[in-house]
Amino acid sequence: QKEVEQNSGPLSVPEGAIASLNCTYSDRGSQSFFWYRQYSGKSPELIMFIYSNGDKEDGRFTAQLNKASQYVSLLIRDSQPSDSATYLCAISSGSARQLTFGSGTQLTVLP
Amino acid sequence: SQTIHQWPATLVQPVGSPLSLECTVEGTSNPNLYWYRQAAGRGLQLLFYSVGIGQISSEVPQNLSASRPQDRQFILSSKKLLLSDSGFYLCAWTPDSYNEQFFGPGTRLTVL
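If you read the protein sequences in the order shown, they are chains E and X. Per this note's numbering, the very first residue in the first sequence carries number 7; after that it's consecutive. Per this note's numbering, the very first residue in the second sequence carries number 161; after that it's consecutive.
It should be emphasised that the hints constitute simulated quantities derived from the structure, not laboratory data. Not one of these hints is a red herring.
Within a straight-line C-alpha distance of at most 30 Å, the following computed BS3-like cross-link-like pairs (lysine-lysine) qualify:
#1 E/K48 to E/K8
#2 X/K240 to E/K48
#3 E/K62 to E/K8
#4 E/K62 to E/K73
#5 E/K48 to X/K239
#6 E/K48 to E/K62
So the derived label-pair ranges between C-beta atoms look like this:
#7 E/R34 to X/D256: 22 to 30 Å
#8 X/P265 to E/R66: 20 to 28 Å
#9 X/G201 to E/I24: 25 to 33 Å
#10 E/P87 to X/S227: 36 to 44 Å
#11 E/Q37 to X/S218: 18 to 26 Å
Covered stretches of chain E, as calculated for chain X (at least 3 residues, CB under 8 Å):
#12 51-59
#13 102-108
Each residue gets a CB set at the ideal place from its N, CA and C atoms; glycine is no exception.
If we strip away everything but chain E, and leave its shape as in the complex, we get (with noise of 0.2 Å):
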């Protein structure tokens, strides 16, 4: 049973601060790692993804992936109210890539 931990908040952070999002999974086998936005109401939206051990940035996102400790994060910096958001982590696996998620961490950037 592949499984995938996240913190399900809430957590709150002022604009401008940084945000750091956590996620944990048990499958070692796992190859792909994804970050989703989830506005209240709409579907996910995917931001970042992340294949090899270290730090991958996008704008104001970085992903960070720790294989051996089953670990991967999100930071968002110079955080901005309009990224008030349930952040859902999921990986990827199997021959078709399904994508297992964890419930979600649900942020708010407080003005």
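Keeping the supplied structure of chain E fixed, place chain X upon it in accordance with the hints.
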């Protein structure tokens, strides 16, 4: 560019009624297709996936079924809905040979 459509956007159905949700993808060929369900306040649960026409894999036993009659069409069905079938149903696709998965706008189903 590729787009994914789902309909209807919202649906209210009585217990015991049938269900048919449709998903189509444009601008690509031979995608992997997926159905997920998200219950209120919960994470996404993979229900079915398909790697080609007529090829369906089920992740969770339930009273739902899926079909893929055409390359870019994925249908979720039920003969008799249960209260527990209420939720947000999401179709997703992955381009052939890629890992990134993209979601459609979803169908919000309420079973009364």
